[in-house]
Amino acid sequence: QTMGILDALFKQGVGGYHRNYDPRVHGFYSPDRNYGCTDTRLLETKVKDLPAWLGRRNYNPIAICQAIGRAYWRYNLRWISPKNIGAPLLAQACFFPMFIWYVVKYDEHAAEAHSKYH
Amino acid sequence: MASLASRVFLPKQLSLSARLLHTSRAALAIPKGPEREEFIDQGSAKILKSMEAWKEQTKTGLSSVTERFERLHEIYYGKDRDFTNYPPVKMQPHMPKVRLGILPDSWFQAFYNKTGVLGPYILALGVPTFLISKEYWVLDPEGMVLLVSVPALIAFVKKYGQRIKEMEAKKANELDESVIVRPIEAAKDSGRDLVRLTESQLQSFPIVFEEAFKAKREILDLQLEEEYRRRLAEVARTVERRMTYHVELAAAKKSFQQQHLVQWVLDGVTKSITPQQEKEAIQQCIRELRALAPKAA
Numbered sequence: 001q002t003m004g005i006l007d008a009l010f011k012q013g014v015g016g017y018h019r020n021y022d023p024r025v026h027g028f029y030s031p032d033r034n035y036g037c038t039d040t041r042l043l044e045t046k047v048k049d050l051p052a053w054l055g056r057r058n059y060n061p062i063a064i065c066q067a068i069g070r071a072y073w074r075y076n077l078r079w080i081s082p083k084n085i086g087a088p089l090l091a092q093a094c095f096f097p098m099f100i101w102y103v104v105k106y107d108e109h110a111a112e113a114h115s116k117y118h
Numbered sequence: 001m002a003s004l005a006s007r008v009f010l011p012k013q014l015s016l017s018a019r020l021l022h023t024s025r026a027a028l029a030i031p032k033g034p035e036r037e038e039f040i041d042q043g044s045a046k047i048l049k050s051m052e053a054w055k056e057q058t059k060t061g062l063s064s065v066t067e068r069f070e071r072l073h074e075i076y077y078g079k080d081r082d083f084t085n086y087p088p089v090k091m092q093p094h095m096p097k098v099r100l101g102i103l104p105d106s107w108f109q110a111f112y113n114k115t116g117v118l119g120p121y122i123l124a125l126g127v128p129t130f131l132i133s134k135e136y137w138v139l140d141p142e143g144m145v146l147l148v149s150v151p152a153l154i155a156f157v158k159k160y161g162q163r164i165k166e167m168e169a170k171k172a173n174e175l176d177e178s179v180i181v182r183p184i185e186a187a188k189d190s191g192r193d194l195v196r197l198t199e200s201q202l203q204s205f206p207i208v209f210e211e212a213f214k215a216k217r218e219i220l221d222l223q224l225e226e227e228y229r230r231r232l233a234e235v236a237r238t239v240e241r242r243m244t245y246h247v248e249l250a251a252a253k254k255s256f257q258q259q260h261l262v263q264w265v266l267d268g269v270t271k272s273i274t275p276q277q278e279k280e281a282i283q284q285c286i287r288e289l290r291a292l293a294p295k296a297a
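Which chain is which? The protein sequence lines are A and B, in order. Position 98 (the first sequence) corresponds to 98 in full-length UniProt numbering; numbering is contiguous. Position 75 (the second sequence) corresponds to 75 in full-length UniProt numbering; numbering is contiguous.
Any given hint could be a false lead.
Claimed, not checked - Distance condition first, Cα-Cα at most 25 Å in a straight line; then the derived DMTMM-like pairs of lysine to aspartate or glutamate:
#	chain 1	residue 1	chain 2	residue 2
1	A	105	B	142
2	A	105	B	135
3	A	83	B	176
4	A	83	B	174
5	B	90	A	39
6	A	83	B	177
7	A	83	B	168
8	A	83	B	105
9	B	90	B	166
10	B	90	A	32
11	B	165	B	218
12	B	134	A	39
13	A	116	B	142
14	A	116	B	105
15	B	134	A	112
16	A	105	B	140
Everything labelled a hint here was simulated from the structure, so no lab data went into it.
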């Protein structure tokens, strides 16, 4: 039987809630949480456990996209969705793109360095 | 011509309410006489039936809400629920706290135990010096822009942050009000208006009008009866008081006369006793005592 693209994606876990999500256990669904991971968080791991922790991660491109989506929702639910927001949002929206663009275009800036050896 | 004859012609000088009353009376022909009570009972039975049906409707609506709530409560707050790892999340009404207008306070709190209050600020000074000295942060025109824009941003946020916050809060409250508060208030007002309208319309129904008129007359009759009885009682009371006064006056007079007469007779008798009579009475008493003494012994 031929399988459509959406069916193949659904088999990979794309579309709908996570497989492990159960409202009886996890409660109301929150898109900034990873319901498929029961590992310690990055900031709470010891440095000596870090290589093992990195080995356990899921490097599937779908999982990477999901992680990016979760990061977006984390930012959204903290800084944009509340009822009363203000100016920090504007400043963050100005500052972080500047910083990131500088890092991306570093080679152009390195050409205008004052000295070669530091 | 028959239809024209049966039409009700109303003069336009009458008010709207009077015209409505007239038409409603003509429409609802309430019989007078023995059929009147049956007619009333039938009407009230119909009204009661419609009210019961409406009550059933609202009951089913409410029960669906309660069922839904119980079902969802059993799902989301049952015994399998993991509250430690997945606590219930609430939407916060405000943004998180920020330092210098840009950086979240949580970043500063993470450093507090190890470095104290000044840790992140010293980091903010030390990292740029390192980057500039190693020429990772090249001070070409774009680097200069970055160097100057950060304090500029902070100054902008400090100066205009409060104003922007107030504007956004006003917009959010406006949205809240227009979607939640005002429709509820409008529904409440319409409910109150409906109640007032139905009450006023009830008064205009002919059956209510007539029965209310009768009831009001009964009330007035009862009030008049009460006043009449009160006055009767007052009259009786005053008459009784005056009669008792006269009776007691005569009795007092009579008793005074009796007392005076008795006293006068006694005084006369005591005055008329002479010393000779007194001596003879005493001698007689002694003789009788001597006669009686041997008998007692």
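These are the hints, each one checked on the structure:
1. 105(A) to 142(B): 11 Å, holds
2. 105(A) to 135(B): Holds, at about 14 Å.
3. 83(A) to 176(B): 10 Å, holds
4. 83(A) to 174(B): 11 Å, holds
5. 90(B) to 39(A): The hint holds at about 24 Å.
6. 83(A) to 177(B): 13 Å, holds
7. 83(A) to 168(B): With Cα atoms ~8 Å apart, residue 83(A) and residue 168(B) stay inside 25 Å; holds.
8. 83(A) to 105(B): Holds, at about 19 Å.
9. 90(B) to 166(B): 23 Å, holds
10. 90(B) to 32(A): 13 Å, holds
11. 165(B) to 218(B): Violated - the C-alpha atoms of residue 218(B) and residue 165(B) are around 68 Å apart, more than 25 Å.
12. 134(B) to 39(A): Given that 25 Å is the threshold and the Cα spacing comes to 38 Å, the pair is violated.
13. 116(A) to 142(B): 19 Å, holds
14. 116(A) to 105(B): Distance ~39 Å between residue 116(A) and residue 105(B) Cα, so the pair is violated.
15. 134(B) to 112(A): 13 Å, holds
16. 105(A) to 140(B): 13 Å, holds
Figure legend: structure checked against the earlier numbered hints; hints not met, in rising order: 11, 12 and 14.
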